[in-house]
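Student: For reference, the chains in residue letters:
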Amino acid sequence: MKQFFTLSSTGMPVILQTIGPADLEDLRAWKNADKEAFFFKGLITPEGQKQWFDGYLTRPGDFMFAVWAQGIKVGCMGFRILDDAADCYNIIGAPQGRGKGYLGQAMRLMCSFIQGEHSKSVGCLVLLSNPAISWYEKCGFRVAAKKSDHCKMELDAAFKPCVYMKEDASDPGPEFYSTPIEMESLRPNVVNCLHLDEGVEVLVLPMKGGLKIIRDLCVHMGAPLSAGHFCAAKATLQCPWHGYVFSVDTGDFQRNPNDEIFAPLKSLYASYKPEKKPKYRLQMLPYKVMGNQAYVRRVAA
Amino acid sequence: MKHAFTVTGNLDAPVAVTVAAYLDCEHYIHLHKSLTDSLEIMGVKGRVITVRQSWKWFGLKLGHFKDCEYIPPCEFKISNVMPAPWWLPSIHHFVSIDTYLTYIENKETDSTDFRFDVELDMPFWLYPLRGFMQGLIEKMHVRQNVEDMELIKRREKLFGRGNISPYVAEHHFMYHKDEYVKHFGKAGRAVRA
Chain X
1 MKQFFTLSST GMPVILQTIG PADLEDLRAW KNADKEAFFF KGLITPEGQK
51 QWFDGYLTRP GDFMFAVWAQ GIKVGCMGFR ILDDAADCYN IIGAPQGRGK
101 GYLGQAMRLM CSFIQGEHSK SVGCLVLLSN PAISWYEKCG FRVAAKKSDH
151 CKMELDAAFK PCVYMKEDAS DPGPEFYSTP IEMESLRPNV VNCLHLDEGV
201 EVLVLPMKGG LKIIRDLCVH MGAPLSAGHF CAAKATLQCP WHGYVFSVDT
251 GDFQRNPNDE IFAPLKSLYA SYKPEKKPKY RLQMLPYKVM GNQAYVRRVA
301 A
Chain C
302 MKHAFTVTGN LDAPVAVTVA AYLDCEHYIH LHKSLTDSLE IMGVKGRVIT
352 VRQSWKWFGL KLGHFKDCEY IPPCEFKISN VMPAPWWLPS IHHFVSIDTY
402 LTYIENKETD STDFRFDVEL DMPFWLYPLR GFMQGLIEKM HVRQNVEDME
452 LIKRREKLFG RGNISPYVAE HHFMYHKDEY VKHFGKAGRA VRA
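Residue numbers (our numbering), protein chains in the order written: chain X, 1 to 301; chain C, 302 to 494.
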């Protein structure tokens with residue numbers, strides 16, 4: 001049975017996720033756009049792509065990954081286990097992910113995984129006309145043999161693998177809400193309101209450095225923060241009931257705009273003790289990204 | 302010439318909660334932002350707080366002064382409504398508006414009955430507009446009740462009916478807090494006759 005899993009490494013912004021049906025159209029488009037770099041130069045049709053995928057599912061030693069970085073799909077790469085080596089293939093960078101080093105990091109992650117799990121030497125076949133030969137060399141490959149139109153490249157013995165984590169991608173686990181957040185459906189610079197399981201509502205803000213997922217509940221009185229005011233420039237969220245302002249970066253309470261208004265009255269009541277004000281903080285929810293979906297960790301009721 | 306009218310109804314929440322929501326002044330310009338843009342405390346004398354309530358209009362800050370009195374445990378009076386600034390052409394130059402809101406505990410349903418008495422005093426030539434003015438006041442009163450009840454009902458769903466703990470928490474500010482705590486305690490007990 002085909003394995004579905006993700007590969008990641010601490011400190012690396014990229015995640016490799018074994019592909020599923022939702023990735024096929026991206027793979028087809030990228031490969032058709034870049035077909036001059038590949039041995040097969042025909043145009044791949046949706047039917048042809050589906051046929052390839054059906055065959056792929058039956059080959060246990062064949063792995064194709066979508067590469068994710070900062071919630072965006074930035075390319076793909078794969079490898080297949082042969083008798084004596086692992087053959088890397090179909091390495092393509094999406095236009096939106098090029099020039100940022102993501103694919104190089106993804107390559108390092110994949111090669112580390114191959115060495116760690118399969119103990120095989122790692123190689124690939126590259127057309128001599130493909131300008132990416134120098135990119136492979138930067139990734140730690142060297143040309144081992146040349147043919148008339150292509151070369152065989154092998155991962156150098158000096159390659160330094162990274163520590164990788166492999167996680168089952170078919171089930172986020174019971175500690176996460178089972179309803180996923182579809183990353184591609186999120187609108188940037190606005191508050192995306194989503195319902196998870198068990199009546200839990202969250203605000204999802206796609207920001208630099210990843211998602212901010214906040215429970216839709218003001219810690220002061222219980223207001224729906226989704227009805228509040230989000231300021232993208234200041235990265236703040238203002239409660240709709242009492243106007244309290246919170247940072248969406250840290251969740252910290254920033255200010256109470258009413259303090260100034262009611263200052264003349266605040267010393268009049270013995271039962272009001274401002275020095276006892278708690279440190280309000282928005283409930284920021286941890287999550288994990290699995291492919292183009294994010295799963296939110298459960299919170300206590 | 303005087304024109305008086307009364308609006309009565311029921312708010313499905315314990316009286317300790319409806320009074321707390323009324324006195325919870327920090328929500329006035331946020332939850333009720335459609336009714337008020339800004340609020341200033343102009344003075345305080347016993348249970349009477351004089352405020353300036355304003356709206357922004359083409360860059361101008363227009364509004365009125367008013368005296369808001371709390372008569373514990375469940376009565377609220379608004380009087381001396383005057384235009385702010387004074388030179389503002391305003392209905393308040395001609396019409397005196399006094400309102401008296403009473404919350405009454407409904408023990409059968411653990412809810413709040415209310416009676417909202419309004420008295421308008423106006424010159425004869427404005428008298429034909431009394432129905433229009435009554436409509437506006439009633440509309441504002443309904444709107445305020447609807448917004449408050451949305452808050453109350455959400456809190457009830459999340460934290461239970463009659464939960465006033467955040468209002469009486471020492472760090473929370475509200476108008477006439479000492480009086481409120483004296484009459485309702487810290488657990489939101491019912492008002493005793």
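Be a bit skeptical, because a hint or two may be false.
[Unchecked claim] Straight-line Cα separation of at most 30 Å, BS3-like style, residue types lysine-lysine; simulated pairs:
#1 C:Lys303 <-> X:Lys266
#2 X:Lys273 <-> C:Lys458
#3 X:Lys273 <-> C:Lys440
#4 X:Lys273 <-> C:Lys357
#5 X:Lys2 <-> X:Lys41
#6 X:Lys276 <-> C:Lys357
#7 X:Lys146 <-> X:Lys31
[As the list claims (entries may be wrong)] Derived CB-CB ranges, DEER-like:
#8 X:Pro274 <-> C:Pro429: 29 to 37 Å
#9 X:Ala233 <-> C:Arg444: 50 to 58 Å
#10 X:Ala233 <-> C:Val345: 35 to 43 Å
Think of the hints as simulated: they come from the structure by calculation, not from any bench. Don't be surprised by glycine CBs; every beta carbon is placed ideally from N, CA and C.
Student: Against the 30 Å threshold, does the CA-CA distance of lysine 273 (chain X) and lysine 357 (chain C) hold or violate the hint?
Tutor: 33 Å, violated
Student: Is it true that the CA of lysine 303 (chain C) sits at most 30 Å from the CA of lysine 266 (chain X)?
Tutor: Status violated; Cα separation ~38 Å.
Student: Just to be sure I understand the hint, the distance between the Cβ atoms of alanine 233 (chain X) and valine 345 (chain C) should be within 35 to 43 Å; is that true here?
Tutor: Check passed, 38 Å falls within 35 to 43 Å.
Student: Just to be sure I understand the hint, the distance between the Cβ atoms of proline 274 (chain X) and proline 429 (chain C) should be within 29 to 37 Å; is that true here?
Tutor: 51 Å, violated
Student: Within a Cα-Cα threshold of 30 Å, do lysine 146 (chain X) and lysine 31 (chain X) meet the stated pairing?
Tutor: 24 Å, holds
Student: Can you confirm whether the C-alpha distance between lysine 276 (chain X) and lysine 357 (chain C) stays at or below 30 Å?
Tutor: Distance ~35 Å between lysine 276 (chain X) and lysine 357 (chain C) Cα, so the pair is violated.
Student: Are lysine 273 (chain X) and lysine 458 (chain C) close enough, with their CA atoms no more than 30 Å apart?
Tutor: Between lysine 273 (chain X) and lysine 458 (chain C) the Cα gap is close to 28 Å, so the pair holds against 30 Å.
Student: The hint says 50 to 58 Å between alanine 233 (chain X) and arginine 444 (chain C); measuring C-beta to C-beta, is that right?
Tutor: 31 Å, violated
Student: Is lysine 2 (chain X) close enough to lysine 41 (chain X), meaning Cα to Cα at most 30 Å?
Tutor: Holds: lysine 2 (chain X) and lysine 41 (chain X) sit about 28 Å apart, inside 30 Å.
Student: Has the given pair, lysine 273 (chain X) with lysine 440 (chain C), been kept, meaning a C-alpha gap of at most 30 Å?
Tutor: 37 Å, violated
Taken one by one, the earlier hints fail for this structure at numbers 1, 3, 4, 6, 8, 9, listed in ascending order.
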